[in-house]
Amino acid sequence: MRPWQKVLIVAVNIYLLLFFGPVAGFDIFRIIPEIASKPSTLLQQLLIGIANGSIIAIIALGYTLVYGIIELVNFAHGDVYMLGAFMSLTIIGAFGVTAESTGAQKIVAILVAFLGAVAFTATANVTIERVAYRRLRNAPRLASLISAIGVSFILQNVGLFWGGLKAFFPIMGVNAAAPKAFPELIGRIDVFKDILGWNVPISFSTKDLLVITVASSLMIGLRLFVQYTRLGKAMRATAENRDAAKIMGIDVDRVIAFTFLLGGSLAGAAGLLVGLYNNTAVFTMGFTAGLRAFTSAVLGGIGNITGAMLGGFLIGILAAFSDQYFSSRWTNAWVFAVLVLVLVFRPTGLLGESIGQKA
Amino acid sequence: MTSKRTYIVVSLLVMVSIVLAACGGGGGAAQTGGTIKVVSDLPMTGSSLGQTQTIVNAITQAFEEKGNKVCGGKYTIEYQAFDDASAALGKWDPDVVTQNAKTYAADASIVAVIGTFNSGAAKLMIPILNPENLVMVSPANTYPGLTKPGKGEANEPDVYYPNGTRNYSRVVPADDLQGAVAAQWAKDLGATSVYILDDQELYGKGVADVFDKTAKEIGINVLGHEGIDGKAADYKALATKIKDLVPDLIYFGGITQNNAGQLVKDIRNVGYEGNFMGPDGIFEQAFIEAAGEAAENVYVTFGGIPPSELQGAAATWRESYKSKFGSDPEVYTVYGYVAAATLINAFESICAAGGNPTDRKAVRDAVFATKDFDSILGKFSIDANGDTTITAMSGSQVQGGEFKFVTLLGGG
Chain P
1 MRPWQKVLIV AVNIYLLLFF GPVAGFDIFR IIPEIASKPS TLLQQLLIGI ANGSIIAIIA
61 LGYTLVYGII ELVNFAHGDV YMLGAFMSLT IIGAFGVTAE STGAQKIVAI LVAFLGAVAF
121 TATANVTIER VAYRRLRNAP RLASLISAIG VSFILQNVGL FWGGLKAFFP IMGVNAAAPK
181 AFPELIGRID VFKDILGWNV PISFSTKDLL VITVASSLMI GLRLFVQYTR LGKAMRATAE
241 NRDAAKIMGI DVDRVIAFTF LLGGSLAGAA GLLVGLYNNT AVFTMGFTAG LRAFTSAVLG
301 GIGNITGAML GGFLIGILAA FSDQYFSSRW TNAWVFAVLV LVLVFRPTGL LGESIGQKA
Chain X
360 MTSKRTYIVV SLLVMVSIVL AACGGGGGAA QTGGTIKVVS DLPMTGSSLG QTQTIVNAIT
420 QAFEEKGNKV CGGKYTIEYQ AFDDASAALG KWDPDVVTQN AKTYAADASI VAVIGTFNSG
480 AAKLMIPILN PENLVMVSPA NTYPGLTKPG KGEANEPDVY YPNGTRNYSR VVPADDLQGA
540 VAAQWAKDLG ATSVYILDDQ ELYGKGVADV FDKTAKEIGI NVLGHEGIDG KAADYKALAT
600 KIKDLVPDLI YFGGITQNNA GQLVKDIRNV GYEGNFMGPD GIFEQAFIEA AGEAAENVYV
660 TFGGIPPSEL QGAAATWRES YKSKFGSDPE VYTVYGYVAA ATLINAFESI CAAGGNPTDR
720 KAVRDAVFAT KDFDSILGKF SIDANGDTTI TAMSGSQVQG GEFKFVTLLG GG
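Sequence lines, in order, name chains P and X.
Per my numbering, residue 1 is the first one in the first sequence, and the count goes up by one each step.
Per my numbering, residue 360 is the first one in the second sequence, and the count goes up by one each step.
To be clear, the hints were calculated from the coordinates, so they are not data collected in a lab.
Just so it is clear, CB atoms sit at the ideal spot from N, CA and C, and this is done for glycine as well.
Calculated cross-link-like contacts (lysine-lysine; reagent style BS3-like; alpha-carbon spacing at most 25 Å):
#	chain 1	residue 1	chain 2	residue 2
1	X	590	X	564
2	X	602	P	193
3	P	166	X	683
4	P	38	X	602
5	X	575	X	510
One side only, chain X facing chain P, incomplete, derived with CB under 8 Å:
#	residue
6	406
7	408
8	409
9	447
10	449
11	585
12	587
13	590
14	599
15	621
16	624
17	644
18	648
Label-pair restraints from in silico Cβ distances:
#	chain 1	residue 1	chain 2	residue 2	range
19	X	458	P	33	43 to 53 Å
20	P	210	X	603	22 to 32 Å
21	X	462	P	231	51 to 61 Å
22	X	668	P	340	49 to 59 Å
23	X	603	P	28	16 to 26 Å
24	P	28	X	551	23 to 33 Å
Generate coordinates for the entire structure from the input sequences, incorporating the hints supplied.
And the structure:
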């Protein structure tokens, strides 16, 4: 694109934004005084956005890992995350812990749920790769994409079936497809007011803290793993050029299977985390979360781990701001408008590299 | 050689049997009455199943009480329940609804459709069935624009009736009553300011718009009216915004499947302590389970009377339902029964007048001619728009994890 074309696009967009923005809630003359009169709300929404964004980011990592290595948009990833939430719910239900249980009981249940969910989703993801993707690896790319969509539907139905197993898991409730209530295991204690004793108008609960801490440590851990371990190096080599990696003695099949294992574990962890955070699990949650997460991965530059995190945070914050200052009716429209705008200027995403050099 | 001969013999047998079957079917219908086929179109995959299965039960019950026969045993009623939901959406699916409608239109033996459950689905189905003169009796659609001029969009309801004759009727009161009644109830509960949310669907937005309009008319301060994404993971940001405005009451026009449970949870979690009210779309156990403790004290209006408050003939029906199916009826179940009874009444009246109840036009006209029909909910008529004349509504509140009847609302 020539520079003058870019300038023109920017000008047109600014014009459209000022002219039509108010229809979708973007009314600067209302928003600026609103922010000025109550700046604490801005910080509050920023915190909400970061907490939501960190969950989106963990799921986005699953998309970006797989895409980075075999250039497949793994549409089933969101549904693997949903199964993670269902597995956690099942285990927590089996322990019978509720909001009133003692701290030790809760911690044991959460730990077992974490291990169980992660092991389950990791196995599921590896199996999916083995059954649905490996044979199609050298087929035209559309074939594995369709296969992924098919797996996504299968998993949704597994979730629907699972949700109907009330006879075995009473926690699933009367209705197979209805949202399931996840017990409130992490107390909602305000960190600023009740723990630090600050008298601020912003609430930041132990739950938000937990989500942000766990998500950031998982993300940083993954980043370090891929950057500094032998296996991480093998993953990067496979992503760079599969054939060359093979020639150098890397077992490509194993590396790819491992990538799915890693992605699946992250999805399982995210499933438990969301269950504890939002206290809801429903069989369609994977599709919705997957859409946002995939968008984040594209926004940040698909295939790029840091990019997926950045994209997740940006979308979380943007959605929170849109709910507060624009209009919740238009939140999804704003999220995708920003995505389109970013892709116009950086077709490979914010931190993405050129895709052309991939094998 | 043998195999070839066997093949010829078998094919001949098959052909002969087909011809015989065709003759038998045709001849039978002409002489001794015949079969009247009725279908129901309800979402039976997804969380609506809790409601819809009971409606199917009640329809079956109504027909079975007549031995599945009408007109003195001359005609046999054959009932089939269709599903208009898909697993992918977990609720009614526009593609499935359209597909179903085409199936009904094409099958000439179908003379009446009991459905739909969701108003959005009715919007798609009515215009397909209208040119076929196929009558619909809905046990649950409450969107006013389907029948009432001036209550929905400017081109409603005529846009649904391309051949100019109404073919859609319902036995539940419409939302123009429910939204208005809810606003009045909010005022009676002492609310002076409200914040209104809807799930951006036909039903939810319809109720919320009427609530909005009525609230302004009766002097309640409407602080805002927004739509939510029914599939979002959470609503903390929106809940934070609403809490800062301190409305006395938050009204949500929408259904459980569009995340009403999560919405209430997030609203309570950010520390909002005012009232929360919703329409009958959240009047089901699934909502209480989804919202958990946050459901406590939520007010719900319902365009009818909850099963536990049914009186007289309806109470007798409730007990017979319980003993037959071993569970309590849900809120729309009784309307499923009444819808089926309305059809039986229509078939009988056709026969009484010497008509043919397998004729779609005759059935349609007979349903619209329903007058002072003595149903288990009392006497009612179907007016020219296809609406029932029953207007009784009720208000309930979640107390101790279940809906408790609080008060009767509206007329009747």
